[in-house]
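Start from the sequences and build out the full structure, keeping to the hints where you can.
What follows is each chain in one-letter form.
Number of protein chains: 2
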Amino acid sequence: MKKIINKPEQVVLEMCQGMVKAYPDKLALDPKYRFITRKDPNPRKVSLVSGGGSGHEPAHAGYVGTGMLDAAVCGDVFASPSSTQVYKAILATRSEKGTLLIVKNYTGDCMNFDGAAEMAREDDDVDVESVYVNDDVAVKDSLYTAGRRGVAGTVFVHKIAGAAAELGWDLPAVKAVAEKAVSRVRSIGFALTSCTVPARGVPTFDIGEGDMEYGVGIHGEPGISREALAPADELASRAVAALLADLPFRKGDEVAVLVNGLGGTPLQELFILNNKASDLLAEAGIGIHKTFVGNHMTSLDMAGASITLLQLDGELKGLLDAPADTTAFRQA
Amino acid sequence: MKKIINKPEQVVLEMCQGMVKAYPDKLALDPKYRFITRKDPNPRKVSLVSGGGSGHEPAHAGYVGTGMLDAAVCGDVFASPSSTQVYKAILATRSEKGTLLIVKNYTGDCMNFDGAAEMAREDDDVDVESVYVNDDVAVKDSLYTAGRRGVAGTVFVHKIAGAAAELGWDLPAVKAVAEKAVSRVRSIGFALTSCTVPARGVPTFDIGEGDMEYGVGIHGEPGISREALAPADELASRAVAALLADLPFRKGDEVAVLVNGLGGTPLQELFILNNKASDLLAEAGIGIHKTFVGNHMTSLDMAGASITLLQLDGELKGLLDAPADTTAFRQA
Chain A
1 MKKIINKPEQ
11 VVLEMCQGMV
21 KAYPDKLALD
31 PKYRFITRKD
41 PNPRKVSLVS
51 GGGSGHEPAH
61 AGYVGTGMLD
71 AAVCGDVFAS
81 PSSTQVYKAI
91 LATRSEKGTL
101 LIVKNYTGDC
111 MNFDGAAEMA
121 REDDDVDVES
131 VYVNDDVAVK
141 DSLYTAGRRG
151 VAGTVFVHKI
161 AGAAAELGWD
171 LPAVKAVAEK
181 AVSRVRSIGF
191 ALTSCTVPAR
201 GVPTFDIGEG
211 DMEYGVGIHG
221 EPGISREALA
231 PADELASRAV
241 AALLADLPFR
251 KGDEVAVLVN
261 GLGGTPLQEL
271 FILNNKASDL
281 LAEAGIGIHK
291 TFVGNHMTSL
301 DMAGASITLL
311 QLDGELKGLL
321 DAPADTTAFR
331 QA
Chain B
1 MKKIINKPEQ
11 VVLEMCQGMV
21 KAYPDKLALD
31 PKYRFITRKD
41 PNPRKVSLVS
51 GGGSGHEPAH
61 AGYVGTGMLD
71 AAVCGDVFAS
81 PSSTQVYKAI
91 LATRSEKGTL
101 LIVKNYTGDC
111 MNFDGAAEMA
121 REDDDVDVES
131 VYVNDDVAVK
141 DSLYTAGRRG
151 VAGTVFVHKI
161 AGAAAELGWD
171 LPAVKAVAEK
181 AVSRVRSIGF
191 ALTSCTVPAR
201 GVPTFDIGEG
211 DMEYGVGIHG
221 EPGISREALA
231 PADELASRAV
241 AALLADLPFR
251 KGDEVAVLVN
261 GLGGTPLQEL
271 FILNNKASDL
281 LAEAGIGIHK
291 TFVGNHMTSL
301 DMAGASITLL
311 QLDGELKGLL
321 DAPADTTAFR
331 QA
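Chains as they are written, first to last, in UniProt numbering: chain A, 1 to 332; chain B, 1 to 332.
Everything labelled a hint here was simulated from the structure, so no lab data went into it. For clarity, every value in this text was computed on a predicted model and none was experimentally measured. Careful: at least some of the hints might be erroneous.
Repeated chains share a single entry, so a pair holds when one copy, or any two copies, can fit it.
[To be verified] Below, in silico cross-link-like pairs of lysine-lysine (DSSO-like), each with a Cα-Cα straight-line distance of 30 angstroms or less:
1) Lys97 to Lys39
2) Lys290 to Lys26
3) Lys39 to Lys251
4) Lys290 to Lys7
5) Lys140 to Lys2
6) Lys180 to Lys251
7) Lys290 to Lys2
8) Lys180 to Lys140
9) Lys290 to Lys317
10) Lys251 to Lys26
11) Lys317 to Lys180
12) Lys32 to Lys2
13) Lys32 to Lys290
As structure tokens, then:
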């Protein structure tokens, strides 16, 4: 294992500390419960709390800030944070308008975020609601998941819900628009290499020199098939076709596109993927409102990428375009 | 070789096309001469043109936009763009205030940017000046370079010169402040793995499973020594010590820090590196004005990182903090 770390058991805490030291005017860390909050949370807007296993950086802590999240709870690498961690984050960012939890759909995360919500409701009278992101069209009922997995589309849900909360919407309205985003977002990814979890020290899966895992999950979970690595244009074609067929997206739809790197793939290759993906969308009569290309929801050092489409309407477009100022996502 | 590409010889053009399709309202591409400009260049400010070999994304095209560059010229992977390419980019972003070229100090780049400057001066009467960035403290007179190499510190030079140009400074003033930034910026990096150039198809260098190349260049050029990979804290300590000793930086100095990923390293590890680096700077009595952590000047898929320090004064601080709106770097 080749990593820039000290000890595997210190990875998450030192990452959080290094992040807060990089952005001390924007972020604060609770080192005991390992959640990162805005430096100055606003108690008069709906509070948005997300998180999950670490290893998906910049998700989720990189999206803490104006127009997106209020707190991100950092579990161990690829392991859900505990109910207690999430509970403490809910209390630390408590707001008079209540709290929305944005949870990626994995069994462990759902259980622990739900447990935290219940504690906060019952013991502290916090108004807590949850949405569960399940955008991965590759497989249903995979390793770690009942139903579809939550992957890079979660970033769009952060953005949409975050903008609504910042505008002062109440909890039912923020939850409703977050659920609308969940219902309209679809992703699919593929891996060229495995990732290596620090505590394990060896690759999560073996893969041949000429092969890819098509439909991979962001923890290296198996996808649809193991097969020969295809050229970029073919990868884009298959991914776009799978996404369009699933929702389905139709001619005349307008979308936001996220071409996401899984951690070990150069930006250069993501742009090559986008080159074909954007042509295919145009050919299908689908309008591209906005494109994001980069590492937004990674799987440690995995080489690979995913493509996400979000079907927009006027409301979602306005919220997507609203300003955001986080350490990983900024727009005016 | 595992890459998301079509054919190696199409990598640069398709990358440029995919980038401009992602940001059609911000960027424009000259597909013949492969340079990317702002969609609407401003002919009343000093024009800033940079570029070099591709493979360092988001450098340099990701820094084209308000407050930074006007054009980035894209050579083949790890190969300087031709004089003709640079010349065409100078003409396409011609300004009444003249043009400043920001060149990383590699023999090929210097020759071709200088040749382009001469053509534009003699044939077209463009007022062209150049600055040469040489921030890598690792080695002098390396592969591809006479003198020190230009690496991640170049991004700070883009930012400083870009802010000055946006403020309407004249060419001698923009050049002078860019040279001040060059004189005050220092970097050092290390690699855990090699990169793989698409046209070559095999890793640029072999490296043992437990080893690192300390002092590596951004094209995989040899560094100071091949040795056992050290823990993150030791890597940070050696890098910070090397940088502080070189300028030298002194107690009471104020700096900007860039912890830069070389392409294949997760953001998680960069934050772990920053965790120690920022402590070390504090212990040395050096004030951190601002920290940037991420992939800013990469070496394709190389795992590794570099640390850059820029010694600030009031003028540089103001220019560093000025707004910028590019596809890879945004601040309000």
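Evaluated hints:
1. Lys97 to Lys39: within (19 angstroms within a copy, 42 angstroms between copies)
2. Lys290 to Lys26: Both: 26 angstroms inside a copy, 12 angstroms across copies.
3. Lys39 to Lys251: between (44 angstroms within a copy, 28 angstroms between copies)
4. Lys290 to Lys7: between (40 angstroms within a copy, 27 angstroms between copies)
5. Lys140 to Lys2: between (33 angstroms within a copy, 28 angstroms between copies)
6. Lys180 to Lys251: Only inside one copy: lysine 180 and lysine 251 sit 20 angstroms apart there, 54 angstroms across copies, limit 30 angstroms.
7. Lys290 to Lys2: Answer is between: at 29 angstroms across copies they meet the 30 angstroms cutoff, but 36 angstroms inside does not.
8. Lys180 to Lys140: Close inside one copy (20 angstroms), not across copies (57 angstroms); limit 30 angstroms.
9. Lys290 to Lys317: Answer is within; shortest intra-copy Cα gap is 9 angstroms, inter-copy 33 angstroms.
10. Lys251 to Lys26: between (42 angstroms within a copy, 26 angstroms between copies)
11. Lys317 to Lys180: within (12 angstroms within a copy, 43 angstroms between copies)
12. Lys32 to Lys2: within (28 angstroms within a copy, 41 angstroms between copies)
13. Lys32 to Lys290: between (39 angstroms within a copy, 26 angstroms between copies)
Of the hints listed earlier, there is not a single one the structure fails to meet.
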